[in-house]
Every structure is written in structure tokens, then in C-alpha cells.
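Participant: Given next are the chains, with one letter for each unit.
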Amino acid sequence: MTFIDYYKILGLDKTATPKDIKDAYRKLAKQYHPDLNPNDKEAQRKFQQINEANEVLSDPEKRKKYDLYGKDWEHAEAFEQARQRQQQQGAGSQRSRYSGSASEGDFSDFFEAMFGAGAGRERRSQVRFRGEDYHAELQLQLIDAAQTHKQTLTVNGKNIRITIPAGIENGQVIKIAGHGGPGVNGGPNGDLYITFSIANHPTVKRLDNNLYTTVDLDLYTAVLGGEIIINVLNEKIKVKVKPETQNGTVVKLKGKGFPVYKQEGRFGDLFVTYAIRIPTNLTDRQKALFTELSKM
Amino acid sequence: MNTANLISVDEFCVCHGIDQTFIHALQQIGLIELTRDETSVYIYGDELPQLEKFVRLYAEFNINVEGIETVALLLERITSLQDEIIALKNRLRLYEDIE
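Chains as they are written, first to last, in the working numbering: chain A, 1427 to 1722; chain G, 45 to 143.
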């Protein structure tokens, strides 16, 4: 657990007045508010830090404790006990706090070690709130994204089994309703948003529903034509090669591409680029035949 | 009328401590849809996250309804640009070297 400099987070120093803190907090909270920074994880992280800093520095009692023991937070508990013995009463203060969105997260371990778990939530009223939305990222291989399959995810300690439809896109987000954080005071649960990250495949590229691949073609088949078998995402496809095929020729195989998302039985196209390989380590006989050809 | 996925505007406003005129103003400029039966006006459940966002903008940032309309439009544009960036990144992957 590392020390968090709440003053630095708000861009202040230790001499800051309550007004300075309020102003700095208000300015930064607006800047990084999740409602105004959609899908920006960094803004959300900063917003949580700013809220936490404000939670401590805007409360005279917490600020005093933080100023005294911030870097030595391990001793805060001892300080707390001594303080209780002396029955000191902290003065109240008017504090404001932005609620953020439902995606507002927990306070840091540092905060909870120093002020106790739940210390930042003391102003929750009996109003019903929708639970926090959870965001998760799921990495898939291209081959997995090509077929509808079920997968079990562990989100905040809970196992959730989801069906991933074939054809899901890299960067696509799906919402699993009601699988976010629990609602407050009987409010509805939040939702779970899963962003899919599909790794590049070593030999096959995808654009929308089309697939692109390059296959090696031996010189003889390229010249004379023939049939080859290509392997695309574990599917073997027979392809007829026209005689006198040139290097770099692209052929389109209709309906042999990627499945279209949530449209069963529909597929994109497969584009195959031929890379013609010149034979090497020729025998004398082969060389002689090529020489003869070249003179024709 | 099946009200299972509907939230009463009365209840919503009491919970969030806001005036009903705010909700109706959002409806008038087309930011949310409301439905009604003989007794009440309702918000659609799937519009709740968006509406709660508007309430936060209104209550915490003191942004009025016209401001919220502008913010909503700009946020929509941001989201659309983010989608476009993802699509462009996916397109760019075509030209990345095959290992």
C-alpha cells in the first residue's frame, strides 16, 4: 500500500484553506467527472482519487489525522484511540461531493486503512440508488470470436456465465443487465459492461466480416493451375487456382469470411492473396528445363 | 398497462429531490421519453441511467436544461468518435505485419 498525497491530487499545499480545497475539488471534479468523460478509464480513476482527496481534506477531523499521520498511516489507529480517550470533538463542516455516476468506485486501501472501510459513505441517505456499473475487458482469440460460445467470467468474486455471439468485434461492448453492483436501499443493480479485445491472428486479418489471408503458391500450380487446400481459422477450404496466376493476385471467396454478428448463417467474404514461391535448390535437370523454357 | 419496467415520475422526483418540471422539460426537448396511464406518468426503465446522468448534471453542476441538451449532444458526438476510432483501429490492423 503506498502513501497517497491528497494535497498533490488537488494541486494544493498543506496551507490550503477550506475554500481552496472546495474550489480545487469543484474544478477537478468537473474536469474528470465520468458523466463528462464517457468510456475514459483514466478520467474515472482520477475522479475517484479527487473524491477521496476531498473526502479527507474537506473534513477537519480527517484532515488533521491525515496531516499528522499521513505518511505513517499505520499509526493512525493508535492516534485514533488516544483521540477518543481525550474525547475531543471535531467541528462539523459543510462539505459537498459529486456523486459521479453509478460507476463511482471504492476508496483506496490507503484511505480505508486510515479512516476505516465505509468512512467515505457516511452521507448516503435512504434514497434508493441504482448500483454501480461494472466494466470488464475480455480478451478473445480471433478463432474464438468466430463461433458462438459460452464463457464464465469472474467479476468482483461472482461467476457469471455469458454467451458470446459469433462475429463479435474488437472493441465492441456488450451490456449484461443487472450484473453490476448491488443497488443502494433497494435500488436496482447496476449493469456489467464487457469490452472485447480480440487479439491479432498470426495469418488471418479481419475487417468487419471479411477475412484476409496470404497463402504461398508454388510456381508450377501458379503457371499450370490446379487445386490447393488452405486452412483459415481451422477450416480447410478447397480453392481452384487458375492457370497463369500472377504473384499478388487476390481472389475473393464469397461467404467464407467471418460470421456476421447475431445473423445466423450469414458470413462475410474471404480474400486470399497468392504469394508465388520460386523453387530453390534446383537440380541440373530442372535448371536445364528452365533454360530451355527461357529460350522458347 | 404493464408497469414492470416503468418508474413513476413522482417516485423518481421524490427519490432524487428534484422538481417534476425538470423531467417534463427534458421530455419536451426530446432527451427522454415518458409514457402515461390514467393515474401516473412514467419513465422507461432503460432510460434511467441516462436520466440519472442528466439529474447529476443539473443538481451538481447547476447546468440548466438547455445546457444539458448541449452536453448530451457533445457526449453523443464523443461516443460516436470513440466508435469511429475503434473502427479505424480495427482497419489499421489489416496493415500491421503478419507475424
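Worth double-checking, as some hints may not be accurate.
[To be verified] With a straight-line cut-off of 16 Å between C-alpha atoms, the simulated EDC-like cross-links for lysine to aspartate or glutamate are:
1. A:1453 / G:104
2. A:1631 / A:1570
3. A:1490 / A:1559
4. A:1434 / A:1493
5. A:1631 / G:140
6. A:1668 / A:1710
7. A:1440 / A:1493
8. G:133 / A:1595
9. A:1631 / A:1559
10. A:1601 / A:1559
11. A:1448 / G:104
12. A:1456 / A:1468
13. A:1456 / G:104
14. A:1680 / A:1670
15. A:1601 / G:104
16. A:1456 / A:1466
17. A:1668 / A:1644
18. A:1601 / G:91
19. A:1666 / A:1653
20. A:1631 / A:1653
21. A:1682 / A:1634
22. G:133 / A:1634
[Claimed, not checked] Here are some, though not all, of the chain A residues that point toward chain G, as calculated from beta-carbon distances under 10 Å:
23. 1456
24. 1461
25. 1464
26. 1465
27. 1467
28. 1474
29. 1475
30. 1597
31. 1600
32. 1632
33. 1633
34. 1672
The hints are simulated quantities; they were obtained by calculation from the structure and are not laboratory data. No residue lacks a Cβ here, since even glycine has one placed at the ideal position from N, Cα and C.
Participant: Confirm or reject each hint.
Facilitator: To see whether the hints hold, each was checked on the structure:
1. Using a Cα cut-off of 16 Å, the hinted pair residue 1453 of chain A and residue 104 of chain G holds, with the two alpha carbons roughly 12 Å apart.
2. For the hint pairing residue 1631 of chain A with residue 1570 of chain A, the CA-to-CA distance comes to about 14 Å; that is within 16 Å, so the pair holds.
3. Distance restraint check for residue 1490 of chain A and residue 1559 of chain A: the Cα-Cα separation of roughly 34 Å exceeds the 16 Å cut-off, and the hinted pair is therefore not satisfied.
4. Restraint check: the Cα-Cα separation between residue 1434 of chain A and residue 1493 of chain A comes to about 13 Å, which is no more than 16 Å; the hinted pair holds.
5. Between residue 1631 of chain A and residue 140 of chain G the alpha-carbon distance is near 9 Å, which keeps this suggested pair within the 16 Å criterion.
6. Between residue 1668 of chain A and residue 1710 of chain A the CA atoms are separated by roughly 29 Å; this puts the pair beyond 16 Å, and the hint is violated.
7. Using a Cα cut-off of 16 Å, the hinted pair residue 1440 of chain A and residue 1493 of chain A holds, with the two alpha carbons roughly 8 Å apart.
8. Restraint check for residue 133 of chain G and residue 1595 of chain A: the C-alpha separation of about 12 Å stays at or below 16 Å, so the hint holds.
9. For the suggested pair residue 1631 of chain A and residue 1559 of chain A, the alpha carbons sit about 33 Å apart, so the restraint of at most 16 Å is broken.
10. At most 16 Å may separate the alpha-carbon atoms for a hinted pair to count; residue 1601 of chain A and residue 1559 of chain A meet this at roughly 10 Å.
11. Proposed proximity of residue 1448 of chain A and residue 104 of chain G is supported: the alpha carbons are some 13 Å apart, at most 16 Å.
12. About 14 Å separates the Cα atoms of residue 1456 of chain A and residue 1468 of chain A, which keeps this hinted pair within 16 Å; it holds.
13. The suggested pairing of residue 1456 of chain A with residue 104 of chain G holds, with an alpha-carbon distance near 9 Å, which does not exceed 16 Å.
14. The hinted pair formed by residue 1680 of chain A and residue 1670 of chain A fails the criterion: a straight-line CA distance of about 22 Å is larger than 16 Å.
15. Between the alpha carbons of residue 1601 of chain A and residue 104 of chain G the distance comes to roughly 27 Å, so the proposed pair goes past 16 Å and is violated.
16. A hinted pair counts as satisfied when its Cα atoms are at most 16 Å apart, and residue 1456 of chain A with residue 1466 of chain A qualifies at roughly 14 Å.
17. Restraint check for residue 1668 of chain A and residue 1644 of chain A: the C-alpha separation of about 13 Å stays at or below 16 Å, so the hint holds.
18. At most 16 Å may separate the alpha-carbon atoms for a hinted pair to count; residue 1601 of chain A and residue 91 of chain G meet this at roughly 14 Å.
19. Of the supplied pair hints, the one linking residue 1666 of chain A and residue 1653 of chain A holds, its CA atoms being roughly 4 Å apart against a limit of 16 Å.
20. For the given pair, residue 1631 of chain A sits about 23 Å from residue 1653 of chain A by alpha-carbon distance, which is inconsistent with the 16 Å threshold.
21. Using a Cα cut-off of 16 Å, the hinted pair residue 1682 of chain A and residue 1634 of chain A holds, with the two alpha carbons roughly 13 Å apart.
22. Pair hint residue 133 of chain G plus residue 1634 of chain A holds up; C-alpha atoms about 12 Å apart against a cutoff of 16 Å.
23. Taking 10 Å as the C-beta contact cut-off toward chain G, the hint placing residue 1456 of chain A at the interface holds, the least distance being around 6 Å.
24. Checking residue 1461 of chain A against chain G by beta carbon gives a least distance of about 5 Å; that is within 10 Å, so the hint holds.
25. Proximity of residue 1464 of chain A to chain G holds as hinted, the smallest CB-CB distance being about 6 Å (cut-off 10 Å).
26. Annotation: residue 1465 of chain A was flagged as interfacial toward chain G, and the flag holds, the nearest CB pair being 6 Å apart, inside 10 Å.
27. Of the supplied interface hints, the one on residue 1467 of chain A is violated, with its beta-carbon coming no nearer than about 12 Å to a beta-carbon of chain G, more than 10 Å.
28. For residue 1474 of chain A, the shortest C-beta to C-beta distance to chain G is roughly 16 Å, which exceeds 10 Å, and the interface hint is violated.
29. Interface restraint check: residue 1475 of chain A against chain G, minimum CB-CB distance 18 Å, threshold 10 Å, status violated.
30. Checking residue 1597 of chain A against chain G: minimum C-beta separation of about 4 Å stays under 10 Å; hint holds.
31. Given the 10 Å rule on beta carbons, the hint for residue 1600 of chain A is violated: about 14 Å separates it from the nearest Cβ of chain G.
32. Residue-level restraint check for residue 1632 of chain A holds (minimum Cβ-Cβ distance to chain G is 8 Å; threshold 10 Å).
33. Interface hint status for residue 1633 of chain A: upheld, as the beta-carbon distance to the closest one in chain G is roughly 5 Å, under 10 Å.
34. Proximity of residue 1672 of chain A to chain G is violated relative to the hint, the smallest CB-CB distance being about 20 Å (cut-off 10 Å).
In terms of the numbered hints stated before, the structure departs from hints 3, 6, 9, 14, 15, 20, 27, 28, 29, 31 and 34, listed from lowest to highest.
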